[in-house]
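Q: For the record, the sequence lines run as chains A and B.
Quick note, the first sequence lines up with residues 1 to 114 if you use our numbering.
Quick note, the second sequence lines up with residues 1 to 110 if you use our numbering.
None of these hints come from the bench; they were simulated from the model.
Note that the structure is a prediction, hence the values are computed from the model and not measured.
Note that CB positions come from ideal geometry on N, CA and C, so glycine has one too.
Hints are supplied without guarantee of correctness; some may be wrong.
Derived Cβ-Cβ restraints for the label pairs, each shown as a range [what the hints assert, rightly or not]:
id : chain 1 : residue 1 : chain 2 : residue 2 : range
1  : B       : G53       : A       : R15       : 49 to 59 Å
2  : A       : G16       : B       : I7        : 38 to 48 Å
3  : B       : V50       : A       : I26       : 20 to 30 Å
4  : B       : D18       : A       : Q84       : 40 to 50 Å
5  : B       : H12       : A       : P70       : 44 to 54 Å
Here are the computed lysine-lysine pairs in the DSS-like style, where the Cα-Cα straight-line distance is at most 27 Å [unchecked claim]:
id : chain 1 : residue 1 : chain 2 : residue 2
6  : A       : K57       : B       : K36
7  : B       : K59       : B       : K109
8  : A       : K11       : B       : K36
9  : A       : K57       : B       : K70
10 : A       : K57       : A       : K11
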Amino acid sequence: DTGVSQDPRHKITKRGQNVTFRCDPISEHNRLYWYRQTLGQGPEFLTYFQNEAQLEKSRLLSDRFSAERPKGSFSTLEIQRTEQGDSAMYLCASSLVDSVYEQFFGPGTRLTVL
Amino acid sequence: GQQVMQIPQYQHVQEGEDFTTYCNSSTTLSNIQWYKQRPGGHPVFLIQLVKSGEVKKQKRLTFQFGEAKKNSSLHITATQTTDVGTYFCAGKTNAGKSTFGDGTTLTVKP
Chain A
1 DTGVSQDPRH
11 KITKRGQNVT
21 FRCDPISEHN
31 RLYWYRQTLG
41 QGPEFLTYFQ
51 NEAQLEKSRL
61 LSDRFSAERP
71 KGSFSTLEIQ
81 RTEQGDSAMY
91 LCASSLVDSV
101 YEQFFGPGTR
111 LTVL
Chain B
1 GQQVMQIPQY
11 QHVQEGEDFT
21 TYCNSSTTLS
31 NIQWYKQRPG
41 GHPVFLIQLV
51 KSGEVKKQKR
61 LTFQFGEAKK
71 NSSLHITATQ
81 TTDVGTYFCA
91 GKTNAGKSTF
101 GDGTTLTVKP
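Chain A extracted, bound-state conformation:
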């Protein structure tokens, strides 16, 4: 157990529905990352926060995706009007602010869009 938790662990939804995932990082970690991983691929960067500020967002991310970290602690990732192509494992990771520190990953939320 790395100390990073994600909820829910699994989500099945119908195409067109909205979904929201939550990530609770390790408490002293300033940085929080969201990744998407599909079978046979490495984690694909989506966005990251330093405290409550969203510092970078992947250009691959459509406007249907939004992430927040309102108080610099937990974060939420929302996908609006889900599509079948959104089916993937959504991973959250946290780290200390200095880039030399490793990322600790949570168990992920597996999303299935029917």
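Position chain B against the provided structure of chain A, taking the given hints into account.
A: Frame of chain A, contents of chain B only:
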């Protein structure tokens, strides 16, 4: 944008054989990290390399960072069944985000 390529995609070895995976970046990296992901699990940090030409060892694992800081390798000596999983490299530029390769999946036959 930055790309990180890993080869091979899959490697099947007999227990006791050595294993090497290679990672190549299209851009110069400030550091590179290696992660291991067991089947059904999440990536777990193994090590970070920062300096040009750096070599680090963890028991049977040897990690190298190239002189130009654009490539890296992970070598496992005398593989064991506990080594199975997918090994990812993740390259980080000064911007802060990490770009992961697609991993090398290692299977070990007892």
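Q: Look at each hint and say if it fits the structure.
A: Tested hints:
Hint check: B/G53 to A/R15, Cβ distance near 51 Å, so the stated range 49 to 59 Å holds. A hinted range of 38 to 48 Å holds for the C-beta pair A/G16 and B/I7, which are about 39 Å apart. With their beta carbons about 22 Å apart, B/V50 and A/I26 fall inside the hinted range of 20 to 30 Å. Roughly 41 Å separates the CB atoms of B/D18 and A/Q84, a value that falls within the hinted 40 to 50 Å.
For the pair B/H12 and A/P70, the supplied restraint of 44 to 54 Å holds, since their beta-carbon distance comes to about 47 Å. Restraint check: the Cα-Cα separation between A/K57 and B/K36 comes to about 25 Å, which is no more than 27 Å; the hinted pair holds. Between B/K59 and B/K109, the direct Cα distance comes to roughly 21 Å. Compliance with the 27 Å bound is thereby established for this hinted pair. Taking the CA atoms of A/K11 and B/K36, the gap is near 25 Å; set against the 27 Å cutoff, the hint holds.
Taking the CA atoms of A/K57 and B/K70, the gap is near 24 Å; set against the 27 Å cutoff, the hint holds. About 23 Å separates the Cα atoms of A/K57 and A/K11, which keeps this hinted pair within 27 Å; it holds.
Comparing the model with each earlier hint shows no violations; every hint is respected.
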